[in-house]
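Fit chain E to the given chain C structure using the hints.
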Amino acid sequence: MVRRPTERSEPVVHNRIALLRTERGLSRQDLADALGVNYQTIGYLERGEYNPSLLLALQLAEYFGLPVEALFSRVPFTPLSTLLAGR
Amino acid sequence: MSTQSPAAAATQREPFGIDAMSRVQRRFVVALALVAYPVFVAAWLGLPAIGIEVIPWAVVVAVLGLGTVLSGFLVYAYRRRLAQSPDGDLDERQVAVRDRAYLESYRVFVAVVLVGLLVVGIGSDVVDRPLLVDFDVVQPVLWAGILYGMLLPSAVVAWGEPDLDEA
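Top to bottom, those sequences are chains C and E. Numbers 1 to 87, taken from the working numbering, label the letters of the first sequence in order. Numbers 1 to 167, taken from the working numbering, label the letters of the second sequence in order.
Okay, chain C solo, but in the shape it has when bound (with noise of 0.2 Å):
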């Protein structure tokens, strides 16, 4: 139902979510309910199918201990291979 960003001509915002909560052996549903949002919610974040407001980005950044700007960018961020091998 959310159009995807693209679909509004909304900028695109990148972001790490679903890096970071599976690194955290997170599911989907733990940070729903850590955030008190719903679990599709949490999908549509991660697809980069819905922009979160800058509570919610602010709320994830919170949980997660890190910067807003760790989480989110305009730019695509670097793939993790890429950053491993020092390239």
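Since the hints were made in silico from the structure, they are not lab data. There's no promise every hint is true.
[Said to hold, decoys possible] Just so you have them, the derived chain E footprint on chain C, three or more residues with Cβ under 8 Å:
id	stretch
1	31 to 42
2	47 to 53
[What the hints assert, rightly or not] Negatives, chain C to chain E, calculated, CB over 12 Å:
id	residue
3	R16
4	L19
5	L20
6	E23
7	G25
8	P76
9	T78
10	L80
11	S81
12	G86
[To be verified] Just the calculated beta-carbon pair ranges, DEER-fashion:
id	chain 1	residue 1	chain 2	residue 2	range
13	E	Q25	C	A61	35 to 45 Å
14	E	G149	C	V12	33 to 43 Å
15	C	G48	E	V110	26 to 36 Å
16	C	R47	E	V39	35 to 45 Å
17	C	D30	E	P162	18 to 28 Å
18	C	L80	E	R23	30 to 40 Å
19	C	G65	E	L103	35 to 45 Å
The beta-carbon is built from N, C-alpha and C at its ideal position, and this holds for glycine as well.
Same frame as chain C, but now just chain E:
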């Protein structure tokens, strides 16, 4: 961190019925719900008028009426908590989905009403007959307004939501 909102929990119950259907199945039910009523009215008014007596038209009308009610109820039930919940019960994406559903419903409703008025207006001019508005004409239109007014927000949500395993 905050606790889960009431509707976030409420909308996470084990899906059943139309909630558990795939998007294709759901769209079929939505289409059925939207088409059943006009077909029902056409059968109700039209079959006796064209003299179809061989087929027990009352049975046809009853089946169509039942189809209208059942499919309408299914669609109405679909994510009704989402389509009709107050802001405090939904998370921010669900609020956006609900608001969009109401906006789309309003657009569809207005478009249908305008096209209907246009057809009736032009039609009465073309056939050069005064428009006769009596209770037999007004009643199905009133029921259509009630039915589609209640149904459209849920129908829009049911039509657009992805399969559960995609979400």
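Query - Pairwise beta carbon distance, C/G65 to E/L103, judged against the given window 35 to 45 Å - result: With Cβ atoms ~38 Å apart, the hint holds.
**Report entry** Beyond 12 Å from every chain E Cβ - status for C/E23
**Finding:** 18 Å, holds
Query raised in the report: Checking the smallest CB distance to chain E, is C/T78 really beyond 12 Å?
Result: Nearest chain E Cβ is 27 Å from C/T78, so the label holds.
Query - Non-interface claim for C/R16 versus chain E (Cβ beyond 12 Å) - result: 18 Å, holds
Query raised in the report: Given as covered by chain E, does the stretch 31 to 42 of chain C meet the bar of three residues or more with CB within less than 8 Å?
Result: Coverage by chain E holds for the stretch 31 to 42 of chain C (10 residues, Cβ < 8 Å).
Report task. Against chain E, does C/G25 hold up as non-interface, every C-beta pair farther apart than 12 Å? Result -> The claim stands: C/G25 keeps its Cβ more than 12 Å from every Cβ of chain E (closest is about 17 Å).
Query - Cβ separation of C/G48 and E/V110, checked against the hinted range 26 to 36 Å - result: 32 Å, holds
Query - Outcome of range test on Cβ distance (C/R47, E/V39; 35 to 45 Å) - result: Since the Cβ atoms of C/R47 and E/V39 sit about 39 Å apart, the hinted range of 35 to 45 Å holds.
Requested in this report: Say whether it holds or is violated: C/P76 keeps its Cβ farther than 12 Å from all Cβ of chain E.
Outcome: Correct as stated: the minimum Cβ-Cβ distance to chain E is 22 Å, above 12 Å.
**Report entry** Assertion that C/S81 lies outside the chain E interface [Cβ separation over 12 Å]
**Finding:** 26 Å, holds
**Report entry** Minimum Cβ distance from C/L20 to chain E greater than 12 Å, as the annotation requires
**Finding:** 14 Å, holds
**Report entry** Beta-carbon spacing of E/Q25 to C/A61 - inside the hinted bounds 35 to 45 Å or not
**Finding:** 39 Å, holds
Checked against the numbered hints listed earlier, the structure breaks none of them; every hint is satisfied.
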